[in-house]
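Chains as they are written, first to last, in this note's numbering: chain A, 2 to 92; chain B, 2 to 92.
Honestly, the hints are just simulated from the structure, not real lab data. In this text the structure is predicted, and so the values were computed from the model without any measurement. Backbone N, C-alpha and C fix where the C-beta goes; we use that ideal spot for every residue, glycine too. Just to be clear, a hint being listed does not mean it is correct.
To be verified - Heads up, simulated DMTMM-like pairs for lysine to aspartate or glutamate below, C-alpha to C-alpha not over 20 Å straight-line:
# : chain 1 : residue 1 : chain 2 : residue 2
1 : A       : Lys84     : B       : Asp27
2 : A       : Lys52     : B       : Asp35
3 : A       : Lys10     : B       : Glu88
4 : A       : Lys57     : B       : Glu88
Stated by the list, open to error - Residues of chain B clear of chain A, computed beta-carbon distances all greater than 12 Å:
# : residue
5 : Gln6
6 : Ala46
7 : Arg65
Number of protein chains: 2
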Amino acid sequence: MNKKQLVAKLSGSLNLSKADAERTFDTITNTILDSLKSDEPVKIAGFGTYKVAKRKARVGRNPRTGEQIQIAASQKVKFLPAKALKEVFNK
Amino acid sequence: MNKKQLVAKLSGSLNLSKADAERTFDTITNTILDSLKSDEPVKIAGFGTYKVAKRKARVGRNPRTGEQIQIAASQKVKFLPAKALKEVFNK
DNA sequence: TTACTATATGCAAATATTGCATAGCCAATT
DNA sequence: AATTGGCTATGCAATATTTGCATATAGTAA
Numbered sequence: 002m003n004k005k006q007l008v009a010k011l012s013g014s015l016n017l018s019k020a021d022a023e024r025t026f027d028t029i030t031n032t033i034l035d036s037l038k039s040d041e042p043v044k045i046a047g048f049g050t051y052k053v054a055k056r057k058a059r060v061g062r063n064p065r066t067g068e069q070i071q072i073a074a075s076q077k078v079k080f081l082p083a084k085a086l087k088e089v090f091n092k
Numbered sequence: 002m003n004k005k006q007l008v009a010k011l012s013g014s015l016n017l018s019k020a021d022a023e024r025t026f027d028t029i030t031n032t033i034l035d036s037l038k039s040d041e042p043v044k045i046a047g048f049g050t051y052k053v054a055k056r057k058a059r060v061g062r063n064p065r066t067g068e069q070i071q072i073a074a075s076q077k078v079k080f081l082p083a084k085a086l087k088e089v090f091n092k
């Protein structure tokens with residue numbers, strides 16, 4: 002399922018125009034990103050938590066050549082599924 | 002930021018009642034979960050992809066007693082941040 | 001008030017990471 | 001409606017990181 006299909010589904014379930022459904026969806030993702038940008042985790046009970054994880058610089062390796070490579074420190078968004086969500090999939 | 006604050010923000014930005022904002026939000030998460038339940042990844046361009054990852058059974062350990070424990074195979078929801086999203090945090 | 005979630009612990013095994021090319025799919029623009 | 005540009009999956013090797021076990025408590029949310 003891609004964004005387009007999700008928006009279509011939203012539109013149908015909620016009696017919204019597709020434009021409104023898309024705007025709503027974009028607002029949600031942007032709000033989540035804004036919060037994460039200020040290093041503030043977003044906790045959605047019963048669904049999961051989005052947070053920014055800091056990764057330290059380290060030495061990696063180019064698997065093609067075997068050559069060692071210095072990898073810079075970076076940040077990435079992590080999603081931790083809520084407990085309830087895990088149970089759904091491991092019924 | 003928690004769900005309540007996110008819903009409040011949505012309500013304000015989109016001229017929706019809080020009840021409508023919450024209903025919309027819940028519909029989105031439920032739609033994502035439904036798709037994942039049928040093992041169908043959800044791809045949101047510019048944000049990320051949700052997918053179900055299968056984890057094999059393995060040997061674990063009770064950290065309190067040190068005793069070895071067999072851990073059953075399980076499934077968990079993974080979120081893979083989109084490329085655009087990583088760049089925001091590693092500007 | 002009741003329910004959920006984070007934390008902290010030791011440790012083995014699963015999985016992510018990294019560069020890069022190809023192929024395929026999605027999204028947006030015409 | 002179709003084409004193009006852009007993002008993403010895949011596979012590879014070796015190492016780094018994460019996972020997840022039990023359980024109680026503390027903190028937060030509904």
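Are there hints from earlier that the structure breaks, and if so, what are their numbers? 2, 3, 5 and 6
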